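Asks: Listed below, chain by chain, are the residues.
There are 2 protein chains.
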Amino acid sequence: MSVDSSSPGVRGPRSISARRVSGTDVARAAGVSQRTVSRVVTDDPRVSPEARRRVQEAIDALGYRPNSAARSVRLGSTRTIGLLTVGSAAYGPASLTIATERAVSDAGYGFRLVNTVDVDTESFENGLSSLLDQGVDAVVVNEPTSTFRSRRHGLEVPVLSLSGVLNLAEIELVVESDETGGISEAVNHLLALGHETVHHIAGPNEWPSSVRRREAWRSALEHAGRRIPDAPEGDWSPSSGYEVGRTLAARADVTAVFAANDHMAFGLIRALQDAGRSVPEDISIVGFDDVPEAAFMPRALTTVRQELTAAAVRGVELLMEVLDGRRDQGTVEKVPTHLVIRETTAAPPAR
Amino acid sequence: MSVDSSSPGVRGPRSISARRVSGTDVARAAGVSQRTVSRVVTDDPRVSPEARRRVQEAIDALGYRPNSAARSVRLGSTRTIGLLTVGSAAYGPASLTIATERAVSDAGYGFRLVNTVDVDTESFENGLSSLLDQGVDAVVVNEPTSTFRSRRHGLEVPVLSLSGVLNLAEIELVVESDETGGISEAVNHLLALGHETVHHIAGPNEWPSSVRRREAWRSALEHAGRRIPDAPEGDWSPSSGYEVGRTLAARADVTAVFAANDHMAFGLIRALQDAGRSVPEDISIVGFDDVPEAAFMPRALTTVRQELTAAAVRGVELLMEVLDGRRDQGTVEKVPTHLVIRETTAAPPAR
DNA sequence: CTGTTAGCGCCTTCAC
DNA sequence: GTGAAGGCGCTAACAG
Chain A
17 MSVDSSSPGV RGPRSISARR VSGTDVARAA GVSQRTVSRV VTDDPRVSPE ARRRVQEAID
77 ALGYRPNSAA RSVRLGSTRT IGLLTVGSAA YGPASLTIAT ERAVSDAGYG FRLVNTVDVD
137 TESFENGLSS LLDQGVDAVV VNEPTSTFRS RRHGLEVPVL SLSGVLNLAE IELVVESDET
197 GGISEAVNHL LALGHETVHH IAGPNEWPSS VRRREAWRSA LEHAGRRIPD APEGDWSPSS
257 GYEVGRTLAA RADVTAVFAA NDHMAFGLIR ALQDAGRSVP EDISIVGFDD VPEAAFMPRA
317 LTTVRQELTA AAVRGVELLM EVLDGRRDQG TVEKVPTHLV IRETTAAPPA R
Chain B
17 MSVDSSSPGV RGPRSISARR VSGTDVARAA GVSQRTVSRV VTDDPRVSPE ARRRVQEAID
77 ALGYRPNSAA RSVRLGSTRT IGLLTVGSAA YGPASLTIAT ERAVSDAGYG FRLVNTVDVD
137 TESFENGLSS LLDQGVDAVV VNEPTSTFRS RRHGLEVPVL SLSGVLNLAE IELVVESDET
197 GGISEAVNHL LALGHETVHH IAGPNEWPSS VRRREAWRSA LEHAGRRIPD APEGDWSPSS
257 GYEVGRTLAA RADVTAVFAA NDHMAFGLIR ALQDAGRSVP EDISIVGFDD VPEAAFMPRA
317 LTTVRQELTA AAVRGVELLM EVLDGRRDQG TVEKVPTHLV IRETTAAPPA R
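As they're listed, the protein sequences go chains A and B.
So the first sequence is numbered by this note's numbering: it starts at 17 and just counts up by one.
So the second sequence is numbered by this note's numbering: it starts at 17 and just counts up by one.
These are calculated hints, taken from the structure and not from any lab test.
Note that the coordinates shown come from a computational prediction; the quantities given were computed from them, not determined experimentally.
For every residue, glycine included, the Cβ atom is placed at its ideal position computed from N, Cα and C.
Treat each hint with caution, since some may be false.
[As the list claims (entries may be wrong)] Using C-beta positions, here's what the derived DEER-type ranges look like:
id, chain 1, residue 1, chain 2, residue 2, range
1, B, ILE357, A, ALA316, 25 to 35 Å
2, B, GLU172, A, ARG342, 33 to 43 Å
3, A, THR58, B, HIS239, 24 to 34 Å
4, B, ASP134, A, GLY241, 50 to 60 Å
5, A, SER64, B, GLY124, 41 to 51 Å
6, B, ARG51, A, ARG35, 48 to 58 Å
7, A, ASP122, B, LEU78, 30 to 40 Å
8, B, GLU231, A, ILE244, 47 to 57 Å
Based on the provided sequences and hints, a complete structural model is requested.
Replies: Right, dumping it as structure tokens:
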């Protein structure tokens, strides 16, 4: 019942019916034992040059690839790391995913990805469960929820959070952007320009980074003894920035706004323009992220830059130390952020 | 030498020293054979309710997770699909990655990701090799190279390309954006407004989508019998759009430009502004992608919209049919693109 | 330096 | 409806 693999057409799932070539096949072809094939593949030095050569030839001839699942069973480790992140094509999450994958691959591990649909506890737990079912050696987590409740059975693998403390019991490593630094720079920059206070468009409440950014903004204002306005909530999209912006544009007392990300800032700026208010002459705007296009807007966006790639690289580095037993868990590190001043901030209009 | 797992602190890699709970452990706890545990886990109906209950209790109590690597060895399939894509946080690749992951997860498969560093044959082959070493059941490929040379040993798994034909011998499935449709709409729209011809900023030559977009632009102009200008090359970034734009801005004969993606269009628009030329009064601009912020620019960007999510979903659907043996390989499908007219296109200035 | 034996955890025969 | 035996492909221990 097996498909003739030398047939010219491609009928049906050849890869399922045709058994993969195994180490035993290679051994037979090379005239050695299967164990010797294994030694060659794992670069064990205790193999004669002659045997190594014959085995290598057989490997090439047969197109042999070691079965990583079988190796995983034997070794009790899949040498794979899973990332649980939020399913968003926005610049932040996308950069973090890419940087994490590269760091993981560079460390010689495989990389599994699960995107959550929503940012809530259920999505998070489902995604985590899926990753653990797939047998990852460690989990990296980004932005999945701020309302995590502790698990019954504890996690069997180390966890790295790239987005704040998760309260995942003791097994945890945290590397995150220190959003406070850049945001207080931003608020102080605006106050120094003469603004009485700074308004804020927050991200969704469920996102840890929204909460942190709002808190950083609030505390900078408080520290300066300024009035703390209500912070309307967007959903990170330019469209939500536009909607919120229409309301803000109608209020004469608004002279400076800090948006929780650049894309909402873009929507906001457009809403202000449509309402006949100029940026930065009437209203100053600061974003967050420093997306690549921020510097090339008709008014180049003043924004808080974060180094997500650095955070991911450092996080994976720490994770490797934990996996190698060279480090205890429980470390928390912060990667600084800083303000990049461009063209959307200026002194408020004279009253 | 095993770590006491009830100790309060976390010293060293607990997950490595503490053996995971196996089906045999569950069987012992439930007073049944390991085979019965396996039946419960795989939802085999031939288990008595009483046994099922006892096994389920033991599973919950012990926190048992079936070892997926062991299952893969036995079944000869990892039920995992790998995506090989270009390591870019740009909107296009990021959307495609997320959509592919979701479709793959929804189909009950695990998802592995490898980002290539460069868009060239070597990166591509390394990434592909890494994915195959990890034992994926199928490979999805996006944008890795246009200079693919055929493999010696053939691929042992089905391949889905989301970015044009790969010439991977016979084992191939293609679902791609039909960029021609939207781009000829764009060119014709500009010509109908009265522009004599349309200039083009291309993406890097190595990218299949650059080549296709340039060809679509060229052929639309040719079809209309218009002059075909040289097409300078950017790297997809706003910054490269700006650089190319500085040159274009200096040329009085340029009245309409089609940029191969929205981000280069943004850089281009800024360069034109810096040179004192207005969009769309002096020069009309069309982008490609319809990124979320395009509609919210101070001049909302006219652009060609592509449905990447739809392409990924459809591609994975076809791939599942191939994996299930319900479809032969060799299918090519196209997902249409269309022009979205906004505020950056207008009639050329009177001469 | 090399081969033999054993066993990782799972699922598929095949008995009962 | 259930269990015992066997083997997927691999690597660790142990001979030789």
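Asks: All the hints need checking, so say for each whether the structure fits it.
Replies: Hints versus structure:
The hinted window of 25 to 35 Å between B/ILE357 and A/ALA316 holds, with their beta carbons roughly 27 Å apart. Separation of B/GLU172 from A/ARG342 is about 37 Å and conforms to the stated range, judged on CB atoms against 33 to 43 Å. Judged by the Cβ atoms, the range 24 to 34 Å given for A/THR58 and B/HIS239 is violated: they are separated by roughly 59 Å. Remark: the range hint 50 to 60 Å for B/ASP134 to A/GLY241 is upheld by a beta-carbon distance near 53 Å.
At roughly 46 Å, the beta-carbon separation of A/SER64 and B/GLY124 lies within the given 41 to 51 Å, and the hint holds. The supplied range of 48 to 58 Å is broken by B/ARG51 and A/ARG35, whose beta-carbon atoms lie about 25 Å from each other. At about 36 Å, the beta-carbon gap between A/ASP122 and B/LEU78 stays in the expected band of 30 to 40 Å. Distance hint check: the CB atoms of B/GLU231 and A/ILE244 are about 56 Å apart, consistent with the given range 47 to 57 Å.
Of the hints listed earlier, those the structure fails to meet are numbers 3 and 6, in rising order.
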